[in-house]
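A.B. asks: Full structure from sequences and hints, please.
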Amino acid sequence: LWRTDTMDAPQRWKARELVALAYLLEADDQRRAGNGAQAVETLQRALDLGGELVDVLYALAEYYERERDFENARQIYEKIKTRAPLSWRPYKALGALYVKVEQYGPALEEMQQALLMGAATPGLYNNLAVASINVGDLDRGVAYLRQAVEMAPERVDIWYNLGMVLHGAGRR
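So in our numbering, the last one in the sequence shown is 258, and the numbering has no gaps at all.
Keep in mind the hints are simulated off the structure, nothing from the lab. You may find that some hints are simply not true.
With beta-carbon atoms standing in for the labels, derived distance ranges [stated by the list, open to error]:
| id | residue 1 | residue 2 | range |
| --- | --- | --- | --- |
| 1 | Arg131 | Leu252 | 26 to 34 Å |
| 2 | Gln198 | Leu107 | 26 to 34 Å |
| 3 | Leu107 | Pro192 | 29 to 37 Å |
| 4 | Gly254 | Glu112 | 31 to 39 Å |
| 5 | Arg226 | Arg175 | 44 to 52 Å |
| 6 | Arg232 | Leu107 | 37 to 45 Å |
| 7 | Gly222 | Asp114 | 20 to 28 Å |
| 8 | Asp155 | Arg175 | 30 to 38 Å |
| 9 | Gly120 | Arg232 | 35 to 43 Å |
| 10 | Arg226 | Ala123 | 36 to 44 Å |
| 11 | Ala108 | Thr168 | 19 to 27 Å |
| 12 | Ser173 | Leu111 | 19 to 27 Å |
Just so you know, even glycine gets a beta-carbon here, dropped at the ideal spot from N, CA and C.
C.D. replies: As structure tokens, then:
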């Protein structure tokens, strides 16, 4: 173990950060082994130690999402937005979460913010399409799907979505 009493403040912070990241890896192993409650406890220890590192917060939010505890996941993504104000990742994650719970208006708001911040990814465009179509904006949804296909022509799921939307709308 390290002797933190002999370290200066930046060294102590780095040591705490490394231990917190080790907890993050341990929690991932626990989750994969089916020990969800234990993984959450380990992630909480990591948060206590690491001063709420963004990576640990993402892991905890993703855990809650997998467990279908969407409200806790949402709260953590909101916290990440304050911790990493220049990052588009929490906006994209919140948008995808809102799509999962079929709250398409908030989903569009979050994902459009992510897009403005530079998150032009095929997955984001696909989710923007889903949300747009579900609020009644078929043309915008098709445009988002076409953008996603252009960016990632290998993504069969996006081609499928585009085909289903065009077929359902009687378009080509």
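A.B. asks: The structure should be examined with respect to each hint, and the outcome stated for every one.
C.D. replies: Hint-by-hint comparison with the structure:
no. : hint                         : in the structure
1   : Arg131 to Leu252: 26 to 34 Å : violated, 50 Å
2   : Gln198 to Leu107: 26 to 34 Å : holds, 32 Å
3   : Leu107 to Pro192: 29 to 37 Å : holds, 31 Å
4   : Gly254 to Glu112: 31 to 39 Å : violated, 46 Å
5   : Arg226 to Arg175: 44 to 52 Å : violated, 23 Å
6   : Arg232 to Leu107: 37 to 45 Å : holds, 40 Å
7   : Gly222 to Asp114: 20 to 28 Å : violated, 40 Å
8   : Asp155 to Arg175: 30 to 38 Å : violated, 20 Å
9   : Gly120 to Arg232: 35 to 43 Å : holds, 41 Å
10  : Arg226 to Ala123: 36 to 44 Å : holds, 42 Å
11  : Ala108 to Thr168: 19 to 27 Å : holds, 25 Å
12  : Ser173 to Leu111: 19 to 27 Å : holds, 22 Å
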